[in-house]
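**Student:** One letter stands for each residue in the lines below.
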Amino acid sequence: MAVVQRVAHETATHHHEPTSFWRKYVFSLDHKVIGIQYLATSFLLALLGGLLAMGIRLALGWPGQRWPLLGALFPSAFPNGVISQGFYLNLVTMHGTIMIFFVLSTALTGGFGNYLIPLQIGARDMAFPLLNALSYWLFPIALIPLLATYFVPGGGPVSGWTAYAPLSAVPQAAPGSGAGQTLWLISLAILIVAFLFGSLNYITTVLQLRARGMSMMRLPLTVWAMFITAIISLLSFPVLLAAAIMLLFDRHAGTSFFLPAGAVIGGRVIEAGGGDPLLWQHLFWFLGHPEVYILILPAMGMVSDIIANNARKPIFGYPVMVLSVAAIALLSFLVWGHHMFVSGMHPMLGTAFMITTLIIAVPSAIKTFNWLATLWGGKIRFTPQMLFAIGFVSLFVTGGLTGLVLGNPAVDMYFHDTYFVVAHFHFVMGSASLFAIFAGLYHWFPKMFGRMLDERLGRLHFWLALPATYATFFPMHFAGIAGMVRRIYSTELYGFLGGLEGLNRFVSIAAFVMFAAHMVFVVNVVYSLVRGRRASENPWRATTLEWSVPSPPPHGNWGDREVEVHRWAYDYSVPGAPDDFVPQHVPAEVGVTARARS
Amino acid sequence: MATDVERAEQRPETLRGATVAALIWAVSLAAIAGTWVAARRWWFPELASQQGALVDRLFTTIFVIIAIVFVLVQATLGWVLWRYASRGAGHRAAPWHENPRLELAWTVIPAVILITLTVLGGSLWLRVHSAAPAGAMTVEVIAEQFGWRFHYPGPDGVLGSIDFRGDSRNAPLGLRADLAGAADDVVSRELYLVVDRPVRLLIRSKDVIHSFYVPHFRIKQDAVPGRTSPVVFTPTRTGTFPIVCAELCGVGHYVMAGTLKVVTADEFEAWLASQPTIGGVR
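Protein chains in written order, with the UniProt record's numbering: chain A, 1 to 598; chain B, 1 to 282.
These aren't lab readings, by the way, just hints derived from the structure by calculation.
The reader is advised that the hints may include incorrect statements.
Across the chosen pairs, the derived CB separations fall in these ranges [what the hints assert, rightly or not]: (1) Gly266/A / Thr116/B: 24 to 30 Å; (2) Asp163/B / Glu501/A: 30 to 36 Å; (3) Thr228/B / Phe249/A: 52 to 58 Å.
Short derived list, chain A residues pointing at chain B, Cβ under 7 Å [to be verified]: (4) Val26; (5) Leu69; (6) Trp161; (7) Thr255; (8) Val264; (9) Gly317; (10) Gly377; (11) Ile380; (12) Ala482; (13) Pro575; (14) Gly576; (15) Ala577; (16) Pro578.
All figures in this text were calculated on a predicted structure; none of them were measured in a lab.
Quick reminder that beta carbons are idealized off the backbone N, C-alpha and C, glycines included.
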């Protein structure tokens with residue numbers, strides 16, 4: 001504890017607020033500025049990733065249709081106005097890459113993680129502010145090669161976000177498998193380093209810089225989730241980094257980690273072989289599956305806190321909530337093989353991965369029931385963040401359940417790589433995480449910018465977004481059941497998929513509505529930044545520490561104040577207390593009695 | 001300065017609770033209704049293999065379980081929103097937040113369901129991957145950008161050894177008449193199988209990863225270069241079925257369709273006899 005205090009003092013004395021514009025808002029070391037930078041960059045990329053998805057839906061909804069305007073704007077992607085097969089695969093690849101790595105990961109851990117961890121544990125900043133700034137600035141640097149893929153010969157990569165070798169390993173395999181694929185790998189490698197810097201920072205900060213009295217079991221679930229997510233990132237991302245470097249070697253240094261002898265790819269004979277394409281898959285999914293939880297655990301943490309706050313009720317089963325996050329984290333390292341049931345790996349491995357995969361549903365179910373129990377008996381108010389948190393629970397349940405179908409290897413033989421999988425992960429990981437991000441933005445925007453987001457626009461956003469999300473992704477299950485595989489440009493060659501034309505068009509229209517629904521949020525942000533009502537210190541009557549400082553909080557967060565924590569994060573509706581919440585910094589007896597006397 | 005939320009502590013939100021509950025219920029009902037419609041229009045392609053029936057049965061079991069859980073959880077979610085919406089000033093939330101018995105219940109019940117599914121799924125998986133029965137026919141399936149070829153052993157029952165480096169018009173798949181067992185081999189662009197006769201396909205790839213997918217048979221197996229992956233099944237109906245490539249394999253991925261014909265034993269023999277062999281012998 002003494003160490004913690006001394007560190008807190010030192011950070012306080014060494015932190016002088018920078019005065020120049022560049023040091024204050026651009027190359028800032030302040031975790032709040034860095035968090036907002038992460039969020040803003042992710043936000044812009046979400047627009048790009050969303051637009052790419054609209055391109056996918058354009059191709060699938062109206063196969064072979066000519067779009068003269070798009071043809072004039074992007075002649076190489078839309079020759080004669082018709083989307084090209086190569087560009088279609090590039091859309092699929094870039095949509096996945098951007099949304100998973102550059103939007104959801106960065107917004108949740110980079111954005112909310114940076115902004116909230118120090119504020120919620122009572123620290124003045126991250127443990128390593130310079131490393132933190134470096135972590136953010138690697139993000140736009142990683143974007144440069146990613147976006148440059150559009151300007152190199154052969155165009156952007158077409159091998160999907162999973163970049164399975166040898167398609168991604170041999171330039172002759174596909175047009176985008178040239179310089180575009182190399183740049184894609186470099187971009188990913190840089191971003192991984194950024195994630196590693198961030199993770200180191202979060203873990204150290206949570207362990208070392210908690211305020212006096214903030215024991216681990218008093219942490220808000222948001223911090224617990226960010227903390228455990230950082231551990232997952234730190235352990236899994238290096239594996240993908242290694243894999244990416246090995247793939248770069250295969251491409252440019254003549255190695256053959258992933259290339260088997262005797263294959264003939266695009267006319268090129270692989271002589272020096274001995275590699276195995278499955279090695280890439282094992283390495284990729286060793287990150288790739290924990291990555292799914294990197295996207296969902298922070299979402300679960302934020303949703304837990306938002307539900308407790310808006311139900312005015314302590315989170316139900318706090319210790320079990322912490323344990324289940326830890327259990328999910330541990331199991332997330334043992335399930336990667338369920339992406340490979342039909343890959344050709346030994347069937348006994350399939351059995352092992354089936355068992356771990358189905359077990360991971362247990363902690364997920366526990367969390368869902370605990371959210372319902374938190375709502376049960378509450379005094380629920382329907383703020384926009386609460387609506388999106390409710391939407392998260394609904395989407396998570398829907399998407400989680402179909403995981404039980406896919407986790408069964410014999411059934412997965414039918415469903416693997418069909419639209420059933422696309423539906424599954426867009427519910428459980430894509431939409432659910434996105435809804436949690438929106439919930440977090442509605443909740444913490446007032447703290448970040450000192451202005452309230454417009455509640456009516458927020459409600460409108462939710463009322464459009466939830467039905468549109470279901471309308472977009474739910475019918476994809478049916479396409480999968482009918483046997484429609486992923487990443488195909490057109491179903492025209494397959495008679496048995498002929499009946500899906502109407503369904504695909506419906507999904508496309510729903511997707512456009514969904515995109516438009518999220519534009520309501522963009523309008524809200526712009527409007528509220530300028531015209532929004534000023535936010536008070538604690539507009540949501542919340543218990544956690546960030547609500548005990550002005551909105552937005554000053555540099556160094558706490559001024560001259562010594563933060564001390566006296567209770568857990570969920571003292572809502574405590575019997576005998578005059579108000580229905582007692583903030584964490586209120587001394588034990590004062591919380592109930594002193595205010596009762598006044 | 002009172003915010004909306006501070007005012008809301010005084011004002012009931014019961015109407016909002018009811019409408020949000022209605023939204024959750026409406027969306028869930030739409031999902032169920034959609035499934036109802038889909039089950040008549042877009043369901044599985046008609047079954048044509050023996051072990052596919054087992055896959056369909058397990059899917060139905062899981063589907064019924066998840067449908068029940070879906071309805072229960074979404075209905076409960078809507079119900080708590082409706083029932084526990086703020087009733088304004090004077091309304092206070094319940095303070096309880098622990099109940100070990102309840103928590104144990106919703107740990108154990110999902111665990112029991114999942115263990116059941118694990119046992120069901122595990123036994124079917126082992127059955128699907130059990131050794132081919134005696135008398136099974138063996139065919140090599142070769143995937144390449146962007147098509148399929150099928151390699152039959154011929155009367156001697158021996159598959160000549162493929163070498164992709166020698167693949168040419170005169171020596172398809174690098175097979176030459178002087179290779180052991182290759183002279184009577186047949187390389188075809190269509191896959192012919194015999195109805196009710198078990199078959200063991202050896203799935204291989206010449207270049208990148210593809211995936212051999214026959215939706216009517218509920219069969220999928222990746223074709224990985226450098227690796228031979230077996231898949232065993234028994235066709236139960238004669239007819240023509242599409243082969244789909246299910247793994248992204250390049251720009252022509254979407255055109256990588258193949259044809260599978262299930263015929264009677266006599267028709268099969270006649271077809272095989274009509275095919276040219278590697279050595280020109282019959």
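**Student:** Hint by hint, note whether the structure agrees.
**Tutor:** Status of each hint after checking the structure:
no.	hint	in the structure
1	Gly266/A / Thr116/B: 24 to 30 Å	48 Å, violated
2	Asp163/B / Glu501/A: 30 to 36 Å	43 Å, violated
3	Thr228/B / Phe249/A: 52 to 58 Å	27 Å, violated
4	Val26	32 Å, violated
5	Leu69	24 Å, violated
6	Trp161	10 Å, violated
7	Thr255	15 Å, violated
8	Val264	5 Å, holds
9	Gly317	5 Å, holds
10	Gly377	3 Å, holds
11	Ile380	5 Å, holds
12	Ala482	4 Å, holds
13	Pro575	6 Å, holds
14	Gly576	10 Å, violated
15	Ala577	10 Å, violated
16	Pro578	11 Å, violated
In terms of the numbered hints stated before, the structure departs from hints 1, 2, 3, 4, 5, 6, 7, 14, 15, 16, listed from lowest to highest.
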